[in-house]
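**Q** The residues making up each chain are set out below.
There are 2 protein chains.
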Amino acid sequence: MYKLALIGFGVVGQGFLELLSEKEDILRKNYQLEFQVVAISDAQKGSVFSGQGIDFRKALEWVKAGKSLNDLPGEKNGMDALSTIESCGADILFEATWTDIKTGEPALSHIRKALEKGMHVVTTNKGPLARYGKQLIEEAESRGLILRYEGTVMSGTPLLNLIRECLAGCEILEARGILNGTTNFILTKMSEGQSYEEALKTAQKLGYAEAVPDADVLGWDALAKVCILANTVFGASIIPDPEKLPCKGITGIRKEDIENAKREDQIWKLIARVYRENGAVKVRVWPEKIPLTDPLAGVTGAKNALTIKTDALEEITIAGFGAGRTPTGYAMLIDFIDIHKNLRRR
Amino acid sequence: MYKLALIGFGVVGQGFLELLSEKEDILRKNYQLEFQVVAISDAQKGSVFSGQGIDFRKALEWVKAGKSLNDLPGEKNGMDALSTIESCGADILFEATWTDIKTGEPALSHIRKALEKGMHVVTTNKGPLARYGKQLIEEAESRGLILRYEGTVMSGTPLLNLIRECLAGCEILEARGILNGTTNFILTKMSEGQSYEEALKTAQKLGYAEAVPDADVLGWDALAKVCILANTVFGASIIPDPEKLPCKGITGIRKEDIENAKREDQIWKLIARVYRENGAVKVRVWPEKIPLTDPLAGVTGAKNALTIKTDALEEITIAGFGAGRTPTGYAMLIDFIDIHKNLRRR
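Sequence order for the protein chains is S and C.
If you count the first sequence from 1, position 237 lands on 237 in this note's numbering, and the numbers rise without skipping.
If you count the second sequence from 1, position 249 lands on 249 in this note's numbering, and the numbers rise without skipping.
Careful, some of the hints might be misleading.
[Unchecked claim] List time: in silico DSS-like cross-link candidates among lysine-lysine, alpha-carbon distance up to 25 Å: (1) S/K262 / C/K289; (2) C/K29 / S/K341; (3) C/K134 / S/K29; (4) S/K29 / C/K341; (5) C/K134 / C/K255; (6) S/K341 / C/K64; (7) S/K134 / C/K29; (8) S/K29 / C/K309; (9) S/K262 / C/K262; (10) S/K134 / S/K341; (11) S/K309 / C/K29; (12) S/K289 / S/K309; (13) C/K309 / S/K262; (14) S/K289 / C/K262; (15) C/K282 / S/K255.
[What the hints assert, rightly or not] Listed next, with one range per pair, are the computed distances between beta-carbon atoms: (16) S/D25 / C/L343: 54 to 60 Å; (17) S/K309 / C/T202: 21 to 27 Å; (18) C/T202 / S/S21: 51 to 57 Å; (19) C/E277 / S/Y31: 25 to 31 Å.
I should point out that these hints are in silico values taken from the structure, not numbers from a laboratory.
Backbone N, C-alpha and C fix where the C-beta goes; we use that ideal spot for every residue, glycine too.
The following block holds chain S by itself, in its conformation from the complex (with noise of 0.2 Å):
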């Protein structure tokens, strides 16, 4: 029986309590896995702890209806996210809050207390990954605990746990990939015959770019990505900083260039790299024209895509969607469900 604790109950933390909720039956079932929410904390919504579980169903339902957590039956409430972690006794943490790339505050002081009250920690925030992933893992390691973080990169879409448990035994030589969804909606929109603007617009409206666009259109999001990448898979320390790293956006992609490349049976893609020369490991996020012909080519709109070079097996793609509430949260259940086989196996 897993003690959890939840920080940051936004649209992840909520998918994430609405797949436990979902499949509880399952995952015992199946995985002889049984747990316990223990606490909630979250920076707007409040915060609820009781050692002996809490009822999350009622959190979640609570939540919905916009009442604060603080007001929820419990233990103790108003504790903040660091008290939380300090007090709860949970097992593992689940850290859902809001990304800062330069520093991967909060969710950096939030993981480290959890690796020093001895939990494994489940996270989905890109920040402190980015910038700490080496450190970090090698922070859980020293202490014999785990660190997972699948929803980081391409949300639930398998990709750090596809290339640990499936392309075992081999070697990941080098990376390239989709990462940014919004800008591939935009892209394939343009392909459809609208301007940049007009796309841009329209990735807006359906909520898939932020009113200021730029972490999506000039390329941040996607090296933050990439930067993980070359910072857990690869074990490079790369500080991801768009003006000291080849970064570029489609900012600069006018509507001729998607017509020539039609021409040509191209399709420009913001592309992701990740790769090894003269024995560093190097990472570069820039558009690209692709052939058709390209396992990368066929996948638009919001979703995202990895081809992987390993030495065993040439290339492998992984495609699907880069973000969403049941994804994401999803992401966060496969990497509770990884934690336990691993326990198991010790």
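Following the hints, complete the assembly by docking chain C onto the known chain S.
**A** Frame of chain S, contents of chain C only:
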């Protein structure tokens, strides 16, 4: 220390031992996985057994030099497959003999004998799984043994391991994809301007197609593979009979069809499907025109791909090579690692 027996020492069996040779140190270091090959038996290349382990690197060289394993120094030579399985005392059987879709033999008898003797089994052989997948899984489970067959559907491109490990807890709703590399290669050549007859000849020259190409071009191979999915992932018991199931190949597709599709931003693919209808699991192999915005559209040449629909992740697509010495050898290796991980969990 696992004792391994290998039945069938053709391209796949040799590819597997080459990988074991190359990765022996990594397997020990990263997975605490140690092994001895105690027997190799092949209907053409002879057989060798040694309870204390044979020098499998020497066996590889021996066979590459055209010599019979019957002459390789060991404890006993010349045993056929069933006698080898009966007496070798291995922990895991690796089955890589030729495929007979109708009867599943001789692999079916090899697998059943191994299970009787208490061995875990890894196979790349489509025959037994396509027809008896559900029964074989039950036979293994009832004895507490593990049966793995990653190589049967998309070679080493992770599919069955992906579903089991990376989609754990997901409900698999349906799947559709390209499961035959030969026909996909022919269709790709046709979209480059060749006629069906020219493309088939090219495929035959490159060794992708047999002299009698029926099993590929009439859809039978793809049907067998989608039946493996139906009978193992979806729990059905479908007999892969192309005369009784909806199965159509690519022989009716003409140059004009290809060109017409192009004008509509579409592309012809031989699509294998497994789905549920009125509670029953159904399969179907049929040529389909799909839009260029489909993740399967860019899967060209001899590659395979499958789009899997689940409750939590909508669709994910996995693509990669569906055949070849090293990829299929790797399918055996990843299954071996997976069995090891499972046994450590017990």
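**Q** Decide if the proposed pair is consistent with the structure: S/K262 and C/K289, CA atoms, cutoff 25 Å inclusive.
**A** 19 Å, holds
**Q** Take the C-alpha atoms of C/K309 and S/K262, compute the straight-line distance between them, and say whether it is at most 25 Å.
**A** Distance of about 30 Å is beyond 25 Å: violated.
**Q** Regarding the pair C/K29 and S/K341, is the alpha-carbon distance no greater than 25 Å?
**A** Distance of about 20 Å is within 25 Å: holds.
**Q** Within 25 to 31 Å: is that where the Cβ-Cβ distance between C/E277 and S/Y31 falls?
**A** At roughly 29 Å between Cβ atoms, S/Y31 and C/E277 fall inside 25 to 31 Å, so the hint holds.
**Q** Assuming the hint says 54 to 60 Å, is it satisfied by the Cβ distance from S/D25 to C/L343 or not?
**A** 27 Å, violated
**Q** Has the hinted range 21 to 27 Å been met by the Cβ atoms of S/K309 and C/T202?
**A** Once the Cβ atoms are compared, 26 Å apart, the range 21 to 27 Å for C/T202 and S/K309 holds.
**Q** Run the distance test for S/K134 versus C/K29: straight-line Cα separation, threshold 25 Å.
**A** Status holds; Cα separation ~20 Å.
**Q** Hinted pair, alpha-carbon criterion (25 Å max): S/K289, C/K262. Please report holds or violated.
**A** 19 Å, holds
**Q** Do the alpha carbons of S/K29 and C/K309 lie within 25 Å of each other, as the hint requires?
**A** Holds, at roughly 22 Å.
**Q** Is the hinted range of 51 to 57 Å satisfied by the C-beta distance from C/T202 to S/S21?
**A** Holds - the Cβ-Cβ distance for C/T202 and S/S21, about 54 Å, lies within 51 to 57 Å.
**Q** So if I understand the rule, the pair passes when the alpha-carbon distance is 25 Å or less; does C/K134 with C/K255 pass?
**A** 41 Å, violated
**Q** Assess, step by step, whether the Cα of C/K282 is no farther than 25 Å from the Cα of S/K255, and give holds or violated.
**A** 44 Å, violated
Checked against the numbered hints above, the structure violates hints 5, 6, 13, 15 and 16; every other hint is satisfied.
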